[in-house]
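What follows is each chain in one-letter form.
Number of protein chains: 2
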Amino acid sequence: MLETIQRHQATLDTAIKALHGRTFYAAFPENPSPEIYGADADRLGREAFESLRGQHFTELLQPAPEQWVGQEESPYEQQPLGVKYPFFSPATLVARAQAGFDEWRRLKPAQRAALLTEALDGMRSRFFEIAYATMHTTGQSYTMSFQASGPHAADRALEAIAAGYEEQTRFPEETTWEKPMGKYNLTMRKTWRAVPKGVGLVIGCSTFPTWNTVPGMFASLVTGNPVIIKPHPKAVLPIALVVAEVQKVLSAYGLSPTICQLAVDADDRLIARELAEAPAVKLIDYTGGSQFGEYIESLRGKTVFTEKTGVNSIILDSCDDLAKVAQNLAFSVSLYSGQMCTAPQNFFVPAAGVRVGAELVPYDQVVQTLADAVSGLVANPKVGPHIVGALQSAATHERVQQLAFEGGRTVLAHGPVAHPHYEQARTCSPTIHEIDAARIEQFSQELFGPVMLIIKTRDTAESIHLAAHLAREYGAISCGAYTTDARVKEQIMDEMSLAGTPVSFNLTGNIYVNQNAGFSDFHVTGGNPAGNASFTNPEFVIKRFTWVGFREPA
Amino acid sequence: MLETIQRHQATLDTAIKALHGRTFYAAFPENPSPEIYGADADRLGREAFESLRGQHFTELLQPAPEQWVGQEESPYEQQPLGVKYPFFSPATLVARAQAGFDEWRRLKPAQRAALLTEALDGMRSRFFEIAYATMHTTGQSYTMSFQASGPHAADRALEAIAAGYEEQTRFPEETTWEKPMGKYNLTMRKTWRAVPKGVGLVIGCSTFPTWNTVPGMFASLVTGNPVIIKPHPKAVLPIALVVAEVQKVLSAYGLSPTICQLAVDADDRLIARELAEAPAVKLIDYTGGSQFGEYIESLRGKTVFTEKTGVNSIILDSCDDLAKVAQNLAFSVSLYSGQMCTAPQNFFVPAAGVRVGAELVPYDQVVQTLADAVSGLVANPKVGPHIVGALQSAATHERVQQLAFEGGRTVLAHGPVAHPHYEQARTCSPTIHEIDAARIEQFSQELFGPVMLIIKTRDTAESIHLAAHLAREYGAISCGAYTTDARVKEQIMDEMSLAGTPVSFNLTGNIYVNQNAGFSDFHVTGGNPAGNASFTNPEFVIKRFTWVGFREPA
Numbered sequence: 001m002l003e004t005i006q007r008h009q010a011t012l013d014t015a016i017k018a019l020h021g022r023t024f025y026a027a028f029p030e031n032p033s034p035e036i037y038g039a040d041a042d043r044l045g046r047e048a049f050e051s052l053r054g055q056h057f058t059e060l061l062q063p064a065p066e067q068w069v070g071q072e073e074s075p076y077e078q079q080p081l082g083v084k085y086p087f088f089s090p091a092t093l094v095a096r097a098q099a100g101f102d103e104w105r106r107l108k109p110a111q112r113a114a115l116l117t118e119a120l121d122g123m124r125s126r127f128f129e130i131a132y133a134t135m136h137t138t139g140q141s142y143t144m145s146f147q148a149s150g151p152h153a154a155d156r157a158l159e160a161i162a163a164g165y166e167e168q169t170r171f172p173e174e175t176t177w178e179k180p181m182g183k184y185n186l187t188m189r190k191t192w193r194a195v196p197k198g199v200g201l202v203i204g205c206s207t208f209p210t211w212n213t214v215p216g217m218f219a220s221l222v223t224g225n226p227v228i229i230k231p232h233p234k235a236v237l238p239i240a241l242v243v244a245e246v247q248k249v250l251s252a253y254g255l256s257p258t259i260c261q262l263a264v265d266a267d268d269r270l271i272a273r274e275l276a277e278a279p280a281v282k283l284i285d286y287t288g289g290s291q292f293g294e295y296i297e298s299l300r301g302k303t304v305f306t307e308k309t310g311v312n313s314i315i316l317d318s319c320d321d322l323a324k325v326a327q328n329l330a331f332s333v334s335l336y337s338g339q340m341c342t343a344p345q346n347f348f349v350p351a352a353g354v355r356v357g358a359e360l361v362p363y364d365q366v367v368q369t370l371a372d373a374v375s376g377l378v379a380n381p382k383v384g385p386h387i388v389g390a391l392q393s394a395a396t397h398e399r400v401q402q403l404a405f406e407g408g409r410t411v412l413a414h415g416p417v418a419h420p421h422y423e424q425a426r427t428c429s430p431t432i433h434e435i436d437a438a439r440i441e442q443f444s445q446e447l448f449g450p451v452m453l454i455i456k457t458r459d460t461a462e463s464i465h466l467a468a469h470l471a472r473e474y475g476a477i478s479c480g481a482y483t484t485d486a487r488v489k490e491q492i493m494d495e496m497s498l499a500g501t502p503v504s505f506n507l508t509g510n511i512y513v514n515q516n517a518g519f520s521d522f523h524v525t526g527g528n529p530a531g532n533a534s535f536t537n538p539e540f541v542i543k544r545f546t547w548v549g550f551r552e553p554a
Numbered sequence: 001m002l003e004t005i006q007r008h009q010a011t012l013d014t015a016i017k018a019l020h021g022r023t024f025y026a027a028f029p030e031n032p033s034p035e036i037y038g039a040d041a042d043r044l045g046r047e048a049f050e051s052l053r054g055q056h057f058t059e060l061l062q063p064a065p066e067q068w069v070g071q072e073e074s075p076y077e078q079q080p081l082g083v084k085y086p087f088f089s090p091a092t093l094v095a096r097a098q099a100g101f102d103e104w105r106r107l108k109p110a111q112r113a114a115l116l117t118e119a120l121d122g123m124r125s126r127f128f129e130i131a132y133a134t135m136h137t138t139g140q141s142y143t144m145s146f147q148a149s150g151p152h153a154a155d156r157a158l159e160a161i162a163a164g165y166e167e168q169t170r171f172p173e174e175t176t177w178e179k180p181m182g183k184y185n186l187t188m189r190k191t192w193r194a195v196p197k198g199v200g201l202v203i204g205c206s207t208f209p210t211w212n213t214v215p216g217m218f219a220s221l222v223t224g225n226p227v228i229i230k231p232h233p234k235a236v237l238p239i240a241l242v243v244a245e246v247q248k249v250l251s252a253y254g255l256s257p258t259i260c261q262l263a264v265d266a267d268d269r270l271i272a273r274e275l276a277e278a279p280a281v282k283l284i285d286y287t288g289g290s291q292f293g294e295y296i297e298s299l300r301g302k303t304v305f306t307e308k309t310g311v312n313s314i315i316l317d318s319c320d321d322l323a324k325v326a327q328n329l330a331f332s333v334s335l336y337s338g339q340m341c342t343a344p345q346n347f348f349v350p351a352a353g354v355r356v357g358a359e360l361v362p363y364d365q366v367v368q369t370l371a372d373a374v375s376g377l378v379a380n381p382k383v384g385p386h387i388v389g390a391l392q393s394a395a396t397h398e399r400v401q402q403l404a405f406e407g408g409r410t411v412l413a414h415g416p417v418a419h420p421h422y423e424q425a426r427t428c429s430p431t432i433h434e435i436d437a438a439r440i441e442q443f444s445q446e447l448f449g450p451v452m453l454i455i456k457t458r459d460t461a462e463s464i465h466l467a468a469h470l471a472r473e474y475g476a477i478s479c480g481a482y483t484t485d486a487r488v489k490e491q492i493m494d495e496m497s498l499a500g501t502p503v504s505f506n507l508t509g510n511i512y513v514n515q516n517a518g519f520s521d522f523h524v525t526g527g528n529p530a531g532n533a534s535f536t537n538p539e540f541v542i543k544r545f546t547w548v549g550f551r552e553p554a
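Sequence lines, in order, name chains A and B.
The opening residue of the first sequence carries number 1 in UniProt numbering; numbering runs sequentially from there.
The opening residue of the second sequence carries number 1 in UniProt numbering; numbering runs sequentially from there.
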């Protein structure tokens, strides 16, 4: 075990340093290139994925399943994947988690951190397999599937390990306390323990099955809590592969694999509520809709981290090059068909137009430039299909196709986006609607999917006010703003900071408001109703354990 | 302002270092000696206090009071103090707090930390005045009044300032992020802000009006939140003096004094609920009974820190010198007549007795030794009255006098403790009752005041089980244990750590389970129902602000 700790210590130290420097750092290269991952890595990963189709998933070290279940289907093929997972009742899962608690909590933080970092090496060896699994459950493009579910997720997991390790070792394990009492010194030996809270439950979402799951999973684990991973029933395979890698490491070191379990819903029985309400479950990480998220937050006696829905805004005030801005925003709204929690939805444009250099470009021309950029991007057969991917669920597809607004104007209608390899791909190009700023009820909710709302405001002050108001009241995870005016910029920073929303200013070229970088950008702030699962600020880890001290005369 | 920051930087740096080293540190000497605080300090402080009796308290920089209110009385004199405070309606208090928010949050953490440290210097200059105010509102002895409300409180306040400053400066204000993209680098300028949550409310208790108030008060302030201090209506003056000192510094630096306001209940109108429910109030620190504490915790959209009631245990297994142990415990149970949140209540003694060295001392003899130690201590006219102090409230006095148990046996009856200077002092010596371990309903609640319950258990294993069970289910803030057996010790540490309760082992001599040391002992862990207001772990400060990031192409 000492050797294992030493082997991973440099990675951990570098990660902690990166967390605090917040300059660029990635432990896992995001480029799926043969030079980095090996000439056969992609092929082997695809073959491994293909061999799982229609099979029982037997890798998990969780004995005696009650039945075999599975309901995934590929958004590209609109066919079942046919993978079947072992099902266990919540009572069994919780009892097994509790059974593993003592041995796991008694390890030192450095031991847990090393074992979990080793599990990420295992995950890395399966990045391509995870990528195909992600593509055929979420509808993400190949590249996004690789990056988001592989290296980016692993980096966020390493972040959580590093942050958890750092916080648990921030106070001494032992010290001598010597108080001068005048004629003598009072001397005490004091020790402290970072005590884990109990069983952790991590409830995943259908669109980012590993990226949104691994931070809470590894944060709970590194702080000594056994975890039960309850994925969305339509996106199990990517995280099942990660759980299998963690179990492999646990088992190799003589620990109980049930310290980290997969909990799959049966086809006719959803188990999230029962798990969440189990008294032994003390920590819950949740990604998904706000309604269930609020139920999770309402449970007494649980420490909860959520990422729920929100409405993300773009504020257009002034810029140097409108075409470049429009291209950047068209990409952001099209990327994975708006199914990212960071995708922009509401685009606030002043009625008087947008100042571009010395010129004032009229409102209508701004709208048309945006619409042209979107349609140009999506219609480009070499680019469009690989950006928009597929819609994860048929329900989203149907809802987006039936979207209707009172008043306003449809600027761009949705339509299919032909995929070069998958004829059956469930696709839909972005819809653009124009709505008056007064119709706030029409743009104050998240419209999940490829929807761009252009909201005509009196001026930038109203744009800022509305963006901040929506973030405060309904939540927001990202905000983009374009302004060349330093005073307006400060006003946006000030108001959006109070609304707990990070802002990307003046993005053009190859960086997008949707993206955030591990070790640098905090994802979700906790400052608005979109949630408090901030990857990875100190709060995300320290609430998972308790400091308890002991003392005795020396 | 720069000069102010420089002047206090060394204090702040030392405090941060102390927080992490957790060795002995005190910025404010606890000894009320003329050599330290000046030859006239005690006399001047007493005179200053005396001059406030029967007067309007006009120091606060809060204009236009709606009325003058006050209902304090001295537990030593059982006479009203007659001090009248300005009353403001909750709406006025909240509006004024909000009006001060912008200027306060826009200061840098280093500026706020320096101003608040300066306010502690002002508090230090009034330690003796605060001591007399504390004595004549809480009933604490002179020495405890000085130490707890003066230097110990100021140290805990400095802890909160230091922890808050450190956490807010843990990530860079600005950095350049440069990502290699193959042929070029993507370069972003990134900045972060620690954004305060909003108005803070601090609800104080009647027994430790500054010690339990200043940590939350200074933690909220240093993180940029204006605060409203709502003391217990019977213990206003000590904290009013502290608030006045903070306001003095704010005003001297051209800031609004309403960044820190005193909010006193009117004689016929309690305002805590109205303040707590105000939408602008985002942070609440609460010390007091569990019922109101649970109401505070149930409020949605608030970040809450509580210290509620608990039942503290002593586990007697084995020791080297029973007489010394009994003396130590007698002192602990008598100190301020059991009105400390850390006072022990339940003493678990195995039916077979306690092993003392090579000998097994029978149960009855252990009980008698404890009772003799208590009665000997209290009956000593030179010591007793100065240890037990007075009972803060007539209600506690009455309740303790009427305590009745089903079954069991009264080992020692309560009685008055004559005070050498105050004939009218409201005193009551500790009551000792013996209860069988099966009657858990009789010892599972906090019996506030001088009450010692001796619970006969089957063995030490049952003692540990009961102590941990009570802590987990009903809360505990301290635990004392006596054992010479390393295995038993580890078992106690393990079980009590899971119950979120710190343990003091084998205390004899001049250190007591009730006491905890600033910069070293975490007070309250968050790991059981007694509360989560942990002085001062990182969680106690980081939940008061939100990290928000901004980025822009460089």
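Treat each hint with caution, since some may be false.
Here's a subset of chain A near chain B, in silico, CB distances under 10 angstroms, partners left out [claimed, not checked]:
| id | residue |
| --- | --- |
| 1 | Gln62 |
| 2 | Glu66 |
| 3 | Asp521 |
| 4 | Ser534 |
| 5 | Gly549 |
Quick caveat, the hints were computed from the structure, so don't treat them as lab data.
Glycine is no exception: its CB is placed at the ideal position from the N, C-alpha and C atoms.
For this session: Check each numbered hint from earlier against the structure, then list the numbers of those it violates in ascending order.
Result: 1, 2
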